[in-house]
Amino acid sequence: DAKTTQPPSMDCAEGRAANLPCNHSTISGNEYVYWYRQIHSQGPQYIIHGLKNNETNEMASLIITEDRKSSTLILPHATLRDTAVYYCIVAFSGGYNKLIFGAGTRLAVHP
Amino acid sequence: DVKVTQSSRYLVKRTGEKVFLECVQDMDHENMFWYRQDPGLGLRLIYFSYDVKMKEKGDIPEGYSVSREKKERFSLILESASTNQTSMYLCASTRTDTYEQYFGPGTRLTVT
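Protein chains in written order, with the numbering used here: chain A, 1 to 111; chain B, 1 to 112.
Watch out, some of these pointers could steer you wrong.
Said to hold, decoys possible - Some chain B residues judged to face chain A by a derived CB distance under 7 Å, without partners named:
(1) Asp-28
(2) Asn-31
(3) Pro-39
(4) Gly-42
(5) Leu-43
(6) Leu-90
(7) Thr-94
(8) Tyr-99
(9) Phe-103
(10) Gly-104
(11) Pro-105
Just so you know, the hints here were simulated from the structure itself, not pulled from any lab data. Where is the CB? At the ideal position from N, CA and C, for every residue including glycine.
One chain only, chain A, in its complex shape (with noise of 0.2 Å):
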């Protein structure tokens, strides 16, 4: 699986977009984004993937650039509760979609 590059943090202000950023260079052409976020004390929870096209659904909008080698999560009004670490996966689709966790970046939104 390509591996990821993220930030180790970030601070946002409240009402403001994040813009949480990922570089995958190494990125093959059946491989896919995958973001996922982790909140104080509690397990992953997904939030979006995508292939090549941009994405976007009730929780955030996923950029990919053309070439595919990095990408962009972006929360559009970031609220207190979206603090959390969040973490950037590639992987292919196949296989027992096991996953790998990088380090992640942690996110702090303030008021």
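With the hints as your guide, set chain B onto chain A.
Just chain B now, kept in the frame of chain A:
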């Protein structure tokens, strides 16, 4: 609403004890996983199962075993607990056609 439940939120055991951690999912998912999470090391996969009675080793299986006798239940067993197995244990499940894993709330195990 989908649910993954784990038998205990907090557990304290003594060194050498046999420990059972239970996980149950109500989504009829084929795949189930056990992770442990430690500060600075992130989530690491211990074992996973893709069908009843089937299991595969993850990245750190040493000192652990698993059992999946029914589709909805996946058990993690510490045959002889040691202090270095003090950790947060997380269970997850997913269908075969997706990486959208659903996680339980976790069990914080302390071995003294």
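Here is how each hint holds up against the structure:
1. Asp-28: Violated, because the Cβ-Cβ distance from B/Asp-28 to chain A comes to roughly 15 Å (cut-off 7 Å).
2. Asn-31: Result: holds, 5 Å to nearest chain A Cβ.
3. Pro-39: 11 Å, violated
4. Gly-42: At 5 Å from the nearest chain A Cβ, B/Gly-42 passes the 7 Å test, so the hint holds.
5. Leu-43: 4 Å, holds
6. Leu-90: 5 Å, holds
7. Thr-94: Holds. Min distance 5 Å.
8. Tyr-99: Since chain A brings a Cβ to about 5 Å from B/Tyr-99, closer than 7 Å, the hint holds.
9. Phe-103: Status holds, d = 3 Å.
10. Gly-104: 6 Å, holds
11. Pro-105: Because about 6 Å separates B/Pro-105 from the closest Cβ in chain A, which is inside the 7 Å limit, the hint holds.
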